[in-house]
Amino acid sequence: GLSVALQVFFNLQCLWPQLKKLLAELLEEVRQAPLPAGAGFHQALEVNLQVLVGQTQRVHALDEIIQAKADPVTHKSFQSVLEASNVNSLTSHFWAEAVGVFKAKFAKVCQDRAFRAKAVSDCPKVLQNLVTA
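Going by the working numbering, the letters in the sequence shown line up with residues 1 to 133, in that order.
It should be emphasised that the hints constitute simulated quantities derived from the structure, not laboratory data. All values derive from a computational prediction rather than experimental measurement. Wrong hints could be hidden among the right ones.
[What the hints assert, rightly or not] 25 Å max Cα-Cα, derived SDA-like pairs, lysine to any residue: (1) K103 to L49; (2) K105 to V51; (3) K69 to Q57; (4) K103 to T91; (5) K21 to A5; (6) K105 to S92; (7) K103 to L22; (8) K105 to A119; (9) K103 to K118; (10) K105 to Q57; (11) K108 to P34; (12) K69 to K103; (13) K105 to S3; (14) K108 to G40; (15) K20 to Q57; (16) K69 to L26; (17) K21 to N88; (18) K21 to N11; (19) K103 to G40; (20) K108 to A5.
Go ahead and model the full structure; you've got the sequences and the hints to work with.
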């Protein structure tokens, strides 16, 4: 299924635009997960990290397929299509975008001075959540 779809997009010369569209949809899910300041922050952070990890795993699996696949007629690798757009790794590209989304969410939460102080004092807990995600 997925391999055939990738081949069709490759043949139609729209592989990278379709992958960008997919990445945008995955990033939107990361963006939509709420991250409130105050009560419920740690639980919301855990949910955000689960969404982030899940989406990154999906992208990584797709990235592995793309890196392994080549067109049977032209023998051109699917990865070369990404490289032509300065994308060496779909996973790295997604991760950079996702980190930007996560950073913006954190910056918004930390605009609250009282919460920022609590977040700093809770930093070991936050780091533990990151490590176990």
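Practice task
Of all the hints given earlier, name the ones this structure violates by number, lowest first.
Solution key: Per hint list: 12, 13 and 20 violated.
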